[in-house]
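Here's the letter readout for the chains.
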Amino acid sequence: MTELRTVPTRDAIRDGMAEEMRRDENVFLMGEEVADYQGAYKCSRDLVQEFGAKRVIDTPITEHGFAGIAVGAAMTGLRPIVEFMTWNFGMQAIDQIINSAAKTYYMSGGLVSCPIVFRGPNGAAARVAAQHSQEYSSWYAHVPGLKVVSPATAADAKGLLKAAVRDNAPVIVLENELLYGVEGDVADGDDAIVEIGKARIARTGSDVTIVAHSMMVIKALEAAKTLEAEGIDAEVIDLRTIRPLDEQAILNSVAKTNRLVIAEEGWAFAGLGAEIGQMVMERSFDDLDAPVERVTGKDVPLPYAENLEQLALPQPAEIVEAVKKTLYKD
Amino acid sequence: MTAVTKLSNHRASKEELLNYYEQMLLLRRFEERAAQLYTQGQIAGFCHLYIGQEAVLTGIKAATKPEDDQITSYRCHAHAIACGVEPEAVMAELTGRETGVSKGKGGSMHMFDPEKHFWGGHGIVGAQISLGTGIAFANKYRGDDTICVAYMGDGALHQGQVYESFNMAKLWDLPVLYIIENNEYAMGTSVQRSAGNVELYKRGESFGIPGKQVDGMDILAVKAAVEEAADYIRSGKGPYLLEMKTYRYRGHSMSDPATYRSKEEVQNMKEHRDPIQQVTNMLVEEHAVKEEDLKAIDSEIKKRIKEVAEHATTSALPNESELYTDIMPE
Numbered sequence: 004m005t006e007l008r009t010v011p012t013r014d015a016i017r018d019g020m021a022e023e024m025r026r027d028e029n030v031f032l033m034g035e036e037v038a039d040y041q042g043a044y045k046c047s048r049d050l051v052q053e054f055g056a057k058r059v060i061d062t063p064i065t066e067h068g069f070a071g072i073a074v075g076a077a078m079t080g081l082r083p084i085v086e087f088m089t090w091n092f093g094m095q096a097i098d099q100i101i102n103s104a105a106k107t108y109y110m111s112g113g114l115v116s117c118p119i120v121f122r123g124p125n126g127a128a129a130r131v132a133a134q135h136s137q138e139y140s141s142w143y144a145h146v147p148g149l150k151v152v153s154p155a156t157a158a159d160a161k162g163l164l165k166a167a168v169r170d171n172a173p174v175i176v177l178e179n180e181l182l183y184g185v186e187g188d189v190a191d192g193d194d195a196i197v198e199i200g201k202a203r204i205a206r207t208g209s210d211v212t213i214v215a216h217s218m219m220v221i222k223a224l225e226a227a228k229t230l231e232a233e234g235i236d237a238e239v240i241d242l243r244t245i246r247p248l249d250e251q252a253i254l255n256s257v258a259k260t261n262r263l264v265i266a267e268e269g270w271a272f273a274g275l276g277a278e279i280g281q282m283v284m285e286r287s288f289d290d291l292d293a294p295v296e297r298v299t300g301k302d303v304p305l306p307y308a309e310n311l312e313q314l315a316l317p318q319p320a321e322i323v324e325a326v327k328k329t330l331y332k333d
Numbered sequence: 002m003t004a005v006t007k008l009s010n011h012r013a014s015k016e017e018l019l020n021y022y023e024q025m026l027l028l029r030r031f032e033e034r035a036a037q038l039y040t041q042g043q044i045a046g047f048c049h050l051y052i053g054q055e056a057v058l059t060g061i062k063a064a065t066k067p068e069d070d071q072i073t074s075y076r077c078h079a080h081a082i083a084c085g086v087e088p089e090a091v092m093a094e095l096t097g098r099e100t101g102v103s104k105g106k107g108g109s110m111h112m113f114d115p116e117k118h119f120w121g122g123h124g125i126v127g128a129q130i131s132l133g134t135g136i137a138f139a140n141k142y143r144g145d146d147t148i149c150v151a152y153m154g155d156g157a158l159h160q161g162q163v164y165e166s167f168n169m170a171k172l173w174d175l176p177v178l179y180i181i182e183n184n185e186y187a188m189g190t191s192v193q194r195s196a197g198n199v200e201l202y203k204r205g206e207s208f209g210i211p212g213k214q215v216d217g218m219d220i221l222a223v224k225a226a227v228e229e230a231a232d233y234i235r236s237g238k239g240p241y242l243l244e245m246k247t248y249r250y251r252g253h254s255m256s257d258p259a260t261y262r263s264k265e266e267v268q269n270m271k272e273h274r275d276p277i278q279q280v281t282n283m284l285v286e287e288h289a290v291k292e293e294d295l296k297a298i299d300s301e302i303k304k305r306i307k308e309v310a311e312h313a314t315t316s317a318l319p320n321e322s323e324l325y326t327d328i329m330p331e
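Residue numbers (my numbering), protein chains in the order written: chain D, 4 to 333; chain C, 2 to 331.
Same shape as in the complex, but just chain D (with noise of 0.2 Å):
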C-alpha cells in the first residue's frame, strides 16, 4: 500500500485523471476551459503543462459537439474523459450521453462500445440559482448502459474516477463543487482504485440506516452526530455507486437497522430515494420496522436567496426529524 497523502478533492482528481494519463495513452481530457485556464474548478491545474494541448484540450463553448465529438472517439477505442464545467450544462450533451455513449453498444449487438467518462460537478453549489443548481444522480441513473458515481470523499473522488476511466461501459463521474476544497487522505497508483458498484459505510450504527451520497453523506453524518447527542446510533451508507446500485449494502444495513432514511438532494418525484425504497420494500419488506422515509430537495427550481436556497435544500435537521419518525419518536 502505498503511504496515504492528505490533498483536497480537486488535487484527487487531477492526480486520478493524470495517474489513468500516464498509463494509457488512449486516455485524453477535454473540456472548456481545462487546459491553458487549469479547469473553472482547477481540477484540472499543471495537466496540460505536463501532457501537452493534444491531451488536454481546451474546447468551443459547446457541450452537445464536443460530447459527440469525444463518444465518437471513444467507440474507436480512445478513452476520453470529458468535464463538463457543471452537470448543467451537460443538458446540452444528453441526447449523446444517452442516444449515443448508452446506447450504441446494446444496438451494435456489442460490436461498438463506449468507454467514456463525463465528468463534472453536479447538484447546488453556492447561491447560483435554479439553471446552475441541479442534482442529475436519477436522470442518467435511470438509464441502461451507463454507470453513476457520485463520490464523497477525496478518495473516492480519485478512485472511482480512475476505476470509470478503466472501465469499458460509459461512466457518468457527479462531483460536488462545494468538496473540491474539502481535504481526504487519498493513495496513489492502483492503490486508490475504488471498485464501482460498491457502497461504503460512512458510520456504523444500529438503530436506523442513512442512505445518501455525495455531499448529503456530509448531511448524513452531521445528523448522525445530533442523533448521537439524543441517543440514537445512525449508521451511514455513502452509495459512492447510483448504477450499478449496490443493494446488497443498503439490504444489510437495514436487516440490522429495521429502519431506513434516504437523504438525497435531488428532487422526490421519480429520484432515488422512491427506486431505494421500493427495492428495500420488494427484497427486505420483512426487515422494516417502519415505513420507509425520504429527505429530499424541495419541489421548486433552486432559489437564489439565501434563506430560500438553505429552505429548498435538504437539511441535517431534516435528516433527524426524519430518523425520529422511524423510530416513532417525536
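Treat the hints as calculated values from the structure; they're not laboratory data. In this text, all values refer to a predicted model and were calculated from it rather than measured experimentally. For each residue, glycine too, the CB sits at the ideal point set by N, CA and C. Heads up, some of the hints might be wrong.
For lysine-lysine, the following DSBU-like pairs were computed, each having C-alpha atoms within a straight-line distance of at most 35 Å [said to hold, decoys possible]:
(1) C:213 to C:171
(2) C:171 to D:45
(3) D:57 to C:213
(4) C:203 to D:57
(5) D:328 to D:228
(6) C:291 to C:271
(7) C:66 to C:271
(8) C:66 to D:57
(9) C:15 to C:271
(10) D:228 to D:201
(11) D:259 to D:332
(12) D:57 to C:238
(13) D:327 to D:259
(14) C:238 to D:45
(15) C:203 to C:171
(16) C:304 to C:15
(17) D:327 to D:228
(18) C:271 to C:213
(19) C:238 to C:213
(20) D:57 to C:117
(21) C:171 to D:57
(22) C:271 to C:117
(23) C:303 to C:264
(24) C:15 to C:303
Computed footprint of chain C on chain D; a stretch qualifies when at least three of its residues, placed anywhere within it, have a C-beta under 8 Å from a C-beta of chain C [as the list claims (entries may be wrong)]:
(25) 78-86
(26) 101-110
For chain D, the structure is supplied; the task is to place chain C on it using the hints.
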C-alpha cells in the same frame, strides 16, 4: 434507350463502369427487395430506402480507401453493404433475426461493423456528424492517414450540433469529409421550405470549410469531387464539405406516400437522371457493351438478392436470452 443526360466530362474504363453498374444495381435490388419484404410484413418499424441515391455512395467508396471510416444516419442499409457488410447480414437485421449484423437488436437504422470501418447507422438526425467528427479526431490523435466520411441529409444540416462540429473540425483541422446527400426532401419538407439559403454547400464557409456542389446522380462527378476533397483532407488542411445533389425515388420511409411532390417530378428524375441508367448508357454507347450482358449481370444480382431474402426470412429470431446481453461491456 431512355433519354438520360450524358455523364459529365469525366471518363472511366469499361471495367470501372461495369463495377459501378454492378455495385449500384446491387444496392437498388437490395432496397427493392426490402420494400417488398416490408409490404409483406417481414420488416417492421421504420425502413428508409436509398433507391435513386446509389451514385453518391458508390462514387464515394470508389474515391476513398477501404480503411477510411464511414458513418451515416438512419438511411444506412446501402452504406453498410457498400462498406462490405454482407447483404445477408443487413437484410437479416431488417427482419430482426439473430444472423443480423446487430443480432437483430438494432434494426433498420442501427447497423455497425467496426472491422469494415462502418460506424452506423444513427437514428437521431445530425448526431452522426458529431460522432463522425470524433472518429476523425481519433484518426488524427493516432496519427494515421485515414479520413472519416460523415454523411447527412439536407434535413440534418439544420441541426445545431452540425455547426458545433464544423467549428471544431476546422479549429483542429480534423480529417473529415462531410457529405450532404441533398435528396431535396427532409421527410416531406423541401429544401426550399426549410433553408434560408438553398446553397447548402456554402454552409461550411463561415467556419473555413471549403464546399462544392456535385451532381450526385453522376457517379463519375461524385468520384472526381471526392478524390479532390480527400486529397485536400489528407494533406492536412482539415475538413471539406460536398453537397451531392441527388434524389430519392421512394418516400422518406416505407410509410410515406410522398404526397408532397408530384408524380411527374419523380418520373422526370427516373427518366432523365437515373444514376444506373447513366452508366448503362455509357457502357453501351462508348464501350460497346451489349445490353444483354448487362441484363445478365442484373439477373445474377437478382438471384443473389433472392437468396439474401430467403436467408433473412428463414433465420431464427434472436434467442430470448439475448434480451439482457450487450447492455454494457465487461
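Do the hints match the structure? See the list:
no., hint, in the structure
1, C:213 to C:171, "holds (16 Å)"
2, C:171 to D:45, "holds (28 Å)"
3, D:57 to C:213, "holds (31 Å)"
4, C:203 to D:57, "holds (30 Å)"
5, D:328 to D:228, "holds (17 Å)"
6, C:291 to C:271, "holds (22 Å)"
7, C:66 to C:271, "holds (30 Å)"
8, C:66 to D:57, "holds (26 Å)"
9, C:15 to C:271, "holds (23 Å)"
10, D:228 to D:201, "holds (24 Å)"
11, D:259 to D:332, "holds (19 Å)"
12, D:57 to C:238, "holds (17 Å)"
13, D:327 to D:259, "holds (17 Å)"
14, C:238 to D:45, "holds (34 Å)"
15, C:203 to C:171, "holds (15 Å)"
16, C:304 to C:15, "holds (24 Å)"
17, D:327 to D:228, "holds (14 Å)"
18, C:271 to C:213, "holds (24 Å)"
19, C:238 to C:213, "holds (16 Å)"
20, D:57 to C:117, "holds (27 Å)"
21, C:171 to D:57, "holds (15 Å)"
22, C:271 to C:117, "holds (32 Å)"
23, C:303 to C:264, "holds (27 Å)"
24, C:15 to C:303, "holds (22 Å)"
25, 78-86, "holds (count 4)"
26, 101-110, "holds (count 6)"
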